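Enquirer: Sequence:
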Amino acid sequence: MIGRLTIDVDKLNKKKINCFEIGQLPTKQKLTLARVTIRDNPLVNKSLLCKILSIHRSNLYTKRVKDNSDKQAATDIQELLAKHPFYGHRRVAIYFGWSDNKARRIMRIYNIFPNYKKPRFQTKKDDIGNLPSKNSNQLKIFIKENKLTKPNQAWSTDCQGTKNQDTFFSFNPCINLLQNLAGLSHILVWNLELL
Numbered sequence: 012m013i014g015r016l017t018i019d020v021d022k023l024n025k026k027k028i029n030c031f032e033i034g035q036l037p038t039k040q041k042l043t044l045a046r047v048t049i050r051d052n053p054l055v056n057k058s059l060l061c062k063i064l065s066i067h068r069s070n071l072y073t074k075r076v077k078d079n080s081d082k083q084a085a086t087d088i089q090e091l092l093a094k095h096p097f098y099g100h101r102r103v104a105i106y107f108g109w110s111d112n113k114a115r116r117i118m119r120i121y122n123i124f125p126n127y128k129k130p131r132f133q134t135k136k137d138d139i140g141n142l143p144s145k146n147s148n149q150l151k152i153f154i155k156e157n158k159l160t161k162p163n164q165a166w167s168t169d170c171q172g173t174k175n176q177d178t179f180f181s182f183n184p185c186i187n188l189l190q191n192l193a194g195l196s197h198i199l200v201w202n203l204e205l206l
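Residue numbering for the sequence shown follows our numbering, beginning at 12 and increasing consecutively.
These are computed hints drawn from the structure, not numbers from a lab. None of the values given here were measured: they were computed from a predicted structure. Ideal placement from N, C-alpha and C gives every residue a C-beta, glycine not left out.
Derived DEER-like restraints, expressed as beta-carbon distance ranges: (1) Ala85 with Asn52: 28 to 38 Å; (2) Ala85 with Ile63: 34 to 44 Å; (3) Ser58 with Leu91: 44 to 54 Å; (4) Arg115 with Asn79: 14 to 24 Å; (5) Gly108 with Thr43: 27 to 37 Å; (6) Lys161 with Asp138: 34 to 44 Å.
Heads up, simulated PhoX-like pairs for lysine-lysine below, C-alpha to C-alpha not over 25 Å straight-line: (7) Lys74 with Lys41; (8) Lys62 with Lys74; (9) Lys39 with Lys74; (10) Lys62 with Lys39; (11) Lys94 with Lys82; (12) Lys57 with Lys41; (13) Lys74 with Lys113; (14) Lys113 with Lys94.
Given the sequences, and given the hints that come with them, work out the whole structure.
Expert: Written as structure tokens, this is what we have:
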């Protein structure tokens, strides 16, 4: 009850709240506390209880309709994602005729996520509409055509370098394409004879 130093919020959970902490509770928890108190003690003065909890008395009688409709919407979203696993919040909103914010809110509250993301390939703005170059995927084509069976049949390398004061450092990683073994050679002096 209200006159005690601690209040039993719920007898099942056996959770107790200090009376000084009640003012710091969010309004939603204050309402549940008031409803539990009224349920357990029907003769309690409701207006005094609301004044102590600093909530409006009319809030005791209102029930949110949105919660029930959100639960139904969440089940609808889960059924839709079972059929189309990579639909995101935008597709869900279009399918049901909702706003994006409503779809995102329901998916966030009920922890609903798409099963996997739709595959997207990284493209540059300049590449859109152009044909792929002859050198793209050349390594995959080479491995596919030559059918590598033994080690040391094909190696790949990439020349990288940095300049430090007057010296140029060149690093040449070498990779065996079949076994993915890597080797590294470095050269401290660079000149045109190496090319």
